[in-house]
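Work out the full structure, taking the sequences as your base and the hints as a guide.
Number of protein chains: 2
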Amino acid sequence: MQIADALIALAALSQETRLSAFRLLVAEGRQGLAAGVIADRLRVAPATLSFHLKELTRAGLVVPRQEGRFVYYAAAFDQMHDLLAFLTDNCCVGDGGDCAPAALVRRRAARPPRPRTTA
Amino acid sequence: MQIADALIALAALSQETRLSAFRLLVAEGRQGLAAGVIADRLRVAPATLSFHLKELTRAGLVVPRQEGRFVYYAAAFDQMHDLLAFLTDNCCVGDGGDCAPAALVRRRAARPPRPRTTA
DNA sequence: GCGTTATTTCGATATTTCGTTAAATATTGA
DNA sequence: TCAATATTTAACGAAATATCGAAATAACGC
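Going down the list, the sequences are from chains U and R. Note that the first sequence ends on residue 119 in my numbering; no numbers are left out. Note that the second sequence ends on residue 1119 in my numbering; no numbers are left out.
A couple of the hints might just be wrong.
What the hints assert, rightly or not - Listed below are the simulated SDA-like cross-link pairs for lysine to any residue, each with C-alpha atoms no more than 25 angstroms apart in a straight line:
(1) R:1054 / R:1002
(2) U:54 / U:41
(3) U:54 / U:79
(4) R:1054 / U:11
(5) U:54 / R:1094
(6) U:54 / U:90
(7) U:54 / U:99
(8) R:1054 / U:4
(9) U:54 / R:1008
(10) R:1054 / U:90
(11) R:1054 / R:1040
(12) R:1054 / U:8
(13) R:1054 / U:19
(14) U:54 / R:1016
(15) R:1054 / R:1024
(16) R:1054 / U:89
Since the hints were made in silico from the structure, they are not lab data.
As structure tokens, this is what we get:
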């Protein structure tokens, strides 16, 4: 991830409605939620939510999916993880690098473990 | 971490100079760097950097420490970790909870693993 | 086709944020 | 104490952002 991407993602998350929506979708998993459901749960006007979902989409943090007349939004877990890795990049190098928590995040970010197909 | 704290932290990180400064300090480790050194490395006017460091401090992401006429700033690793945990909270609960990357972050956030003394 | 539902776009306004310059504060050492 | 260095504060204009209502677009079922 480049700094420009991280900035867009962080800016997207630094607004209450968007942060709440994102966390809702993170908890929801792959299926995601329809825009209207998100608006109901967060008690936000549809137009306002649409604006914010667009912002999250632009940041690559959520992905929209049309189903009939509903638009489902789901968290983009890869992007989320890339962002965490970016924030903890090189963590504590100056201390000798024994920074356990960051290492956990960083390691996986470097190379997503492909599910091994047993031949 | 409460959502208000997360919003302040994310807003603090969603600005190029601040994000760069934070990452610099994350890499630097506990000792941190003097404000002037950060300003030099990032090629930012001292006054501008001071403004941004104040913002990062307010967000709890860095901690200032006076040493003589220098002010050293160091990353607040606990706060960084709390933020990551907040973002991945309840990750994929809707999928049954098999969300490996988030679980790593979350688990440690909930209860930092005390190094097991071989009694 | 038509009414209904779901979502997005548009336009206007209010608020917040960034960077710069200049001045202020604090510490050091002669 | 005085000069030099390090950092912060203050004030201002420019730019970006959030919110809302109303209108537009799109898909469904009858």
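If you check each hint against the structure, which ones fail? Those not satisfied are hints 6, 7.
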